[in-house]
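Read top to bottom, the protein sequences are chains A and B.
If you count the first sequence from 1, you need to add 46 to reach the numbering used here.
If you count the second sequence from 1, you need to add 46 to reach the numbering used here.
Derived by calculation from the structure, the hints in this document are not laboratory data.
Heads up, some of the hints might be wrong.
It does not matter which identical chain is meant; a pair holds if it fits inside one copy or across any two.
What the hints assert, rightly or not - Think about it this way: if two alpha-carbon atoms lie no more than 30 angstroms apart in a straight line, the pair counts; the simulated DSSO-like pairs of lysine-lysine are:
{"#": "1", "residue 1": "Lys363", "residue 2": "Lys408"}
{"#": "2", "residue 1": "Lys250", "residue 2": "Lys307"}
{"#": "3", "residue 1": "Lys514", "residue 2": "Lys503"}
{"#": "4", "residue 1": "Lys338", "residue 2": "Lys393"}
{"#": "5", "residue 1": "Lys77", "residue 2": "Lys338"}
{"#": "6", "residue 1": "Lys303", "residue 2": "Lys249"}
{"#": "7", "residue 1": "Lys138", "residue 2": "Lys544"}
{"#": "8", "residue 1": "Lys138", "residue 2": "Lys250"}
{"#": "9", "residue 1": "Lys393", "residue 2": "Lys408"}
{"#": "10", "residue 1": "Lys514", "residue 2": "Lys544"}
{"#": "11", "residue 1": "Lys219", "residue 2": "Lys249"}
In case you want the letters, here they are:
2 protein chains.
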Amino acid sequence: MRVALSQLNPTVGALGRNAARVGESYLTAMKSGAELVLFSELCLCGYPPKDLLLYDSFIQRERELILNQLAPLTKNGAPPMLIGATHKEEDKLYNAALLLDNGSIKAVHRKSLLPNYDVFDEARYFHSAPALEPEMFSGLPAAVTICEDIWNDRDFFQPPLYNSDPLETLLDKGTRLLINLSASPYHLGKHRLREELLSFIAKKYGCGIIYLNQVGGNDELIFDGHSLVLNNRGELLCRANAFSEDLLFVETDELFKPAHKPAPPLEEGIDSIYRALIMGVRDYVWKTGFSKVVLGLSGGVDSALVAALAADAIGPKNVLGILMPSPYSSEHSIEDALVLAENLGIKHRIKRIDGPFEAFLKLLNKSGAPELDLAEENLQARIRGSIVMHASNREGYLALATGNKSELAVGYCTLYGDMAGGLAVIADLPKMMVYELSRYINSVKGRAVIPENTITKPPSAELRPDQKDEDSLPPYEVLDAILQLYIEENASPEAIRKSGFDSETVNRVLRMVDRAEFKRRQAAPGLRVTTRAFGSGRRMPIARSYDL
Amino acid sequence: MRVALSQLNPTVGALGRNAARVGESYLTAMKSGAELVLFSELCLCGYPPKDLLLYDSFIQRERELILNQLAPLTKNGAPPMLIGATHKEEDKLYNAALLLDNGSIKAVHRKSLLPNYDVFDEARYFHSAPALEPEMFSGLPAAVTICEDIWNDRDFFQPPLYNSDPLETLLDKGTRLLINLSASPYHLGKHRLREELLSFIAKKYGCGIIYLNQVGGNDELIFDGHSLVLNNRGELLCRANAFSEDLLFVETDELFKPAHKPAPPLEEGIDSIYRALIMGVRDYVWKTGFSKVVLGLSGGVDSALVAALAADAIGPKNVLGILMPSPYSSEHSIEDALVLAENLGIKHRIKRIDGPFEAFLKLLNKSGAPELDLAEENLQARIRGSIVMHASNREGYLALATGNKSELAVGYCTLYGDMAGGLAVIADLPKMMVYELSRYINSVKGRAVIPENTITKPPSAELRPDQKDEDSLPPYEVLDAILQLYIEENASPEAIRKSGFDSETVNRVLRMVDRAEFKRRQAAPGLRVTTRAFGSGRRMPIARSYDL
Numbered sequence: 047m048r049v050a051l052s053q054l055n056p057t058v059g060a061l062g063r064n065a066a067r068v069g070e071s072y073l074t075a076m077k078s079g080a081e082l083v084l085f086s087e088l089c090l091c092g093y094p095p096k097d098l099l100l101y102d103s104f105i106q107r108e109r110e111l112i113l114n115q116l117a118p119l120t121k122n123g124a125p126p127m128l129i130g131a132t133h134k135e136e137d138k139l140y141n142a143a144l145l146l147d148n149g150s151i152k153a154v155h156r157k158s159l160l161p162n163y164d165v166f167d168e169a170r171y172f173h174s175a176p177a178l179e180p181e182m183f184s185g186l187p188a189a190v191t192i193c194e195d196i197w198n199d200r201d202f203f204q205p206p207l208y209n210s211d212p213l214e215t216l217l218d219k220g221t222r223l224l225i226n227l228s229a230s231p232y233h234l235g236k237h238r239l240r241e242e243l244l245s246f247i248a249k250k251y252g253c254g255i256i257y258l259n260q261v262g263g264n265d266e267l268i269f270d271g272h273s274l275v276l277n278n279r280g281e282l283l284c285r286a287n288a289f290s291e292d293l294l295f296v297e298t299d300e301l302f303k304p305a306h307k308p309a310p311p312l313e314e315g316i317d318s319i320y321r322a323l324i325m326g327v328r329d330y331v332w333k334t335g336f337s338k339v340v341l342g343l344s345g346g347v348d349s350a351l352v353a354a355l356a357a358d359a360i361g362p363k364n365v366l367g368i369l370m371p372s373p374y375s376s377e378h379s380i381e382d383a384l385v386l387a388e389n390l391g392i393k394h395r396i397k398r399i400d401g402p403f404e405a406f407l408k409l410l411n412k413s414g415a416p417e418l419d420l421a422e423e424n425l426q427a428r429i430r431g432s433i434v435m436h437a438s439n440r441e442g443y444l445a446l447a448t449g450n451k452s453e454l455a456v457g458y459c460t461l462y463g464d465m466a467g468g469l470a471v472i473a474d475l476p477k478m479m480v481y482e483l484s485r486y487i488n489s490v491k492g493r494a495v496i497p498e499n500t501i502t503k504p505p506s507a508e509l510r511p512d513q514k515d516e517d518s519l520p521p522y523e524v525l526d527a528i529l530q531l532y533i534e535e536n537a538s539p540e541a542i543r544k545s546g547f548d549s550e551t552v553n554r555v556l557r558m559v560d561r562a563e564f565k566r567r568q569a570a571p572g573l574r575v576t577t578r579a580f581g582s583g584r585r586m587p588i589a590r591s592y593d594l
Numbered sequence: 047m048r049v050a051l052s053q054l055n056p057t058v059g060a061l062g063r064n065a066a067r068v069g070e071s072y073l074t075a076m077k078s079g080a081e082l083v084l085f086s087e088l089c090l091c092g093y094p095p096k097d098l099l100l101y102d103s104f105i106q107r108e109r110e111l112i113l114n115q116l117a118p119l120t121k122n123g124a125p126p127m128l129i130g131a132t133h134k135e136e137d138k139l140y141n142a143a144l145l146l147d148n149g150s151i152k153a154v155h156r157k158s159l160l161p162n163y164d165v166f167d168e169a170r171y172f173h174s175a176p177a178l179e180p181e182m183f184s185g186l187p188a189a190v191t192i193c194e195d196i197w198n199d200r201d202f203f204q205p206p207l208y209n210s211d212p213l214e215t216l217l218d219k220g221t222r223l224l225i226n227l228s229a230s231p232y233h234l235g236k237h238r239l240r241e242e243l244l245s246f247i248a249k250k251y252g253c254g255i256i257y258l259n260q261v262g263g264n265d266e267l268i269f270d271g272h273s274l275v276l277n278n279r280g281e282l283l284c285r286a287n288a289f290s291e292d293l294l295f296v297e298t299d300e301l302f303k304p305a306h307k308p309a310p311p312l313e314e315g316i317d318s319i320y321r322a323l324i325m326g327v328r329d330y331v332w333k334t335g336f337s338k339v340v341l342g343l344s345g346g347v348d349s350a351l352v353a354a355l356a357a358d359a360i361g362p363k364n365v366l367g368i369l370m371p372s373p374y375s376s377e378h379s380i381e382d383a384l385v386l387a388e389n390l391g392i393k394h395r396i397k398r399i400d401g402p403f404e405a406f407l408k409l410l411n412k413s414g415a416p417e418l419d420l421a422e423e424n425l426q427a428r429i430r431g432s433i434v435m436h437a438s439n440r441e442g443y444l445a446l447a448t449g450n451k452s453e454l455a456v457g458y459c460t461l462y463g464d465m466a467g468g469l470a471v472i473a474d475l476p477k478m479m480v481y482e483l484s485r486y487i488n489s490v491k492g493r494a495v496i497p498e499n500t501i502t503k504p505p506s507a508e509l510r511p512d513q514k515d516e517d518s519l520p521p522y523e524v525l526d527a528i529l530q531l532y533i534e535e536n537a538s539p540e541a542i543r544k545s546g547f548d549s550e551t552v553n554r555v556l557r558m559v560d561r562a563e564f565k566r567r568q569a570a571p572g573l574r575v576t577t578r579a580f581g582s583g584r585r586m587p588i589a590r591s592y593d594l
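With the rest of the complex left out, here is chain A (with noise of 0.2 angstroms):
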């Protein structure tokens, strides 16, 4: 049988074109002699659909147009279709994989396992699906998984999270295919681990796979598709493509021969990020319905780093960088962002700051002279903010964000100032790693495209004579690791403590930490790509007091 894998990169919420766009691959597979095409976890709504699912009315739509557009397609012999929807039954909804075939829905296969930790609600909106039957697809028995159903193996997982593994259920059925549809997120290291889990599967329970991963960025996640199959001995087989739109095809009798040749070696590192946010802030851009954006250029490594990425990612024509300095400036910094705006072919401008901040001065302060304090310093940081925002709303520009994840932790940053801005390119990439990825982009457009200055000068908010990161923070090296533990492995103070850093230190890290939780209530959505994320990934209350 030869299956086709619609790798699609779906818009979420838009139910009409999503359906369009499933209908056209469905067809182009159609013509490769497919005889039974699969699309990834809730393709028509998109993943994650949040709380549309709220609406009865957005669930009959999506079932209009599987009843009206899709199930149509499959009529008079052209292959069945399995394609991720939600079901209502009873009142009750459900994540499911339909079997569309001749005309109707001839199965529906329920999700079982409900993500609900992380950024993952799905027990705020289906239930779990009451039993689980094999599916025939011309003689061969295989088992219809949606995603998480496959991540609870008590053998791969210790100790499991789900006391119920549908594998087990599944595969003692006498199945020998497991067909997985997915809606599962990049994170740093995510592509292994699954190829990991795939290949244990395979090996435990002597089955081919075919497992199908959504594509795209939507709001903060990004799906990094990377579709996998594998034989029955947990021989990868085949990938698609990472970060791009694909469809595969499979005969399903390779999955019980021994692989051809080796799989090619795995990437994933600062490349596969790279990728990631690139893709990410090209969705969220055309996504959101823009098609430009504006960013504040400071001559430092963060604004730097976005505006290389943005430059990639909807192309340098469509990037505009503004450099606003102020009194406070150094000569090298205007002198830095400069380079960069040429060495990106972006467009840039200069507005200075000064007569709007000495406006404010002449209003705030009696003597009409500077005071140096952090109200000031944040006010620097809310002029530039206004005058990006003034950019975005005049002239249709979506504004970047371009702090880093080390700075939003612990507050190292003015809220609508330098946070100001539609999409927070870099917020979950931490200082280190935005030197790794700027060194990375260089090294792959074989010149300094990002001025090597930009990444060795020390880093500074210079928002006031002299001012450096490290007279307010450890260094980063330190904070990197501090926060890792933190933030990504919830590990207590004393076991940071443990880890080698002194006490002083990690607790000014983690009060920091707690403190700043006011700051990135209010910040702009981050792409994701760490394992755990500021945002809908970690929900902090913000009135509490400190005695973690």
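Chain A is fixed; fit chain B onto it per the hints.
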């Protein structure tokens, strides 16, 4: 048996402080002859503790306080204590009621139904009770339940949300008393709903009911207290304070006799919203470590109402209003704001924004003259936001945002401008309710503290000459009615049109709501007073298409 209901106001995360408060209250109750002392759901964590629960160190510290500080109080013939706390067993976390007696944990009653809708995420943290057993208190068999456990009666709610009803299990086992420890947040109508439900249950099962609720504000959520005691005829015997701490005593004998007198009438309407918001502001300010607040005073009704609420919440001397007129501000606006400040007895300053505005125009407009577009309207709002935040940063004021729910819904507000602030006091109050609450406050005070002109004049943002809200929006009566259907009831566009609104208006409003999601994602936390507030209760994608 004399039972004490200790209705406390815990601060989320403040384990040590909350435990000390529990200890004090326990001793007070004991001195008044209590034979059993009750504390509300997750009383040491404070509700909702959110992702603090993901830190093992947090769970361990709570348990240490229970074992080392609270359990010892119950030694030597002191009364037992029943307290809401987490309970970890075999790596599974439960939301539980612990019975402390004679120095140790005598029994654990686990929560069965875990709310995971609206603002609730309990399936993210907790497992559900594996089995339910009654508890004996001085020979009286009782069902010990936690919050949601009583909210699934299949005769009261149709259809019920969960498959099982813990009350059926527990009350069939011969129990005569139902104890419920809650952290049940307020919204308009909740008091009545609770009393109706409890009366229904008491009558259905012929049991007495002791219902203890948390009180206090925690971020967006306002817990109203309002604990209740009903006899086995479903008659209300007493209510604890609404919106403040209380210590209530009940003799269990009374639960099985007719009530001596009818219950006092239920106060519920705009008066309860007033008290909810006062407590919500006060707790947010104090629990974030502030003592004073700043806000912009425009002369309009929204900022006037917020100023009046803040003055009542933390005292007028702790409230600073900043008047920030522009060239487009009307004379009456300045006068109205000055009269308001005088009426309330709050501090005020006047900071005309002309200087910074002109400086920005010079920087951003070729001619240096105004272009009167949306970008300049937003710019004025952002200058004001920067001035308010400057006072916050320099002088230690918490900034209050003054936007109402109607504006926030349709995006008639400026990100980083009038949306700036740490708390959005009336963000869940539709405009028509803003008027109602303003009139209520004037009637309670016996004079127009909020100037009559502020209430009666046509609402205007005054960001360009002769601007009126109704130039851009439908009349608020219409707008609010549509928003209520769409936001609070998840009604479809078709259903809203059928309620008697013309298609064009409905489509325009819904489109505005959907498109403003990016603004709301960056909004300050808003105090929740309706059945569906923006924020954690409504989780919508940003980058989506608009064909709901």
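**OP:** Indicate which option fits the pair Lys303, Lys249 if close means a Cα-Cα distance not exceeding 30 angstroms: within, between, both or neither.
**Re:** within (13 angstroms within a copy, 68 angstroms between copies)
Original post:
Are the CA atoms of Lys514 and Lys544 at most 30 angstroms apart within a copy, between copies, both, or neither?
Top reply: Within. Shortest intra-copy distance 29 angstroms satisfies the 30 angstroms Cα cut-off; inter-copy 61 angstroms does not.
Subject >> Copy assignment of Lys393 with Lys408, given that the CA separation must stay at most 30 angstroms >> reply: For Lys393 and Lys408, the Cα distance is within 30 angstroms only across copies (21 angstroms; inside one copy 33 angstroms).
Subject >> Intra/inter-copy verdict for Lys338 and Lys393 if alpha-carbon distance must be at most 30 angstroms >> reply: Cα proximity of Lys338 and Lys393: one copy only (11 angstroms, versus 45 angstroms across).
**OP:** Go through the copies and call it for Lys138 and Lys544: within, between, both or neither, with a Cα cutoff of 30 angstroms.
**Re:** between (48 angstroms within a copy, 26 angstroms between copies)
Original post:
Is it within, between, both, or neither for Lys138 and Lys250, if the alpha carbons may be no more than 30 angstroms apart?
Top reply: Intra 34 angstroms, inter 27 angstroms, cutoff 30 angstroms: inter-copy only.
Subject >> Homo-oligomer pair classification [Lys338, Lys77; C-alpha up to 30 angstroms] >> reply: Neither. Shortest intra-copy (37 angstroms) and inter-copy (70 angstroms) distances fail the 30 angstroms Cα cut-off.
Subject >> Status of Lys408 relative to Lys363 across identical chains (alpha carbons, at most 30 angstroms) >> reply: Between copies only: 27 angstroms across, 39 angstroms inside.
**OP:** Indicate which option fits the pair Lys219, Lys249 if close means a Cα-Cα distance not exceeding 30 angstroms: within, between, both or neither.
**Re:** So Lys219 and Lys249 pass the 30 angstroms test inside one copy only (17 angstroms; across, 49 angstroms).
**OP:** Pop the pair Lys250 and Lys307 into one bin, within, between, both or neither, using alpha-carbon distances up to 30 angstroms.
**Re:** Result: close within a single copy only, 22 angstroms intra versus 70 angstroms inter.
Original post:
When no copy is named, should Lys514 and Lys503 be tagged within, between, both, or neither for a Cα gap of at most 30 angstroms?
Top reply: within (10 angstroms within a copy, 51 angstroms between copies)
Hint compliance for this structure: hint 5 is the single one not met.
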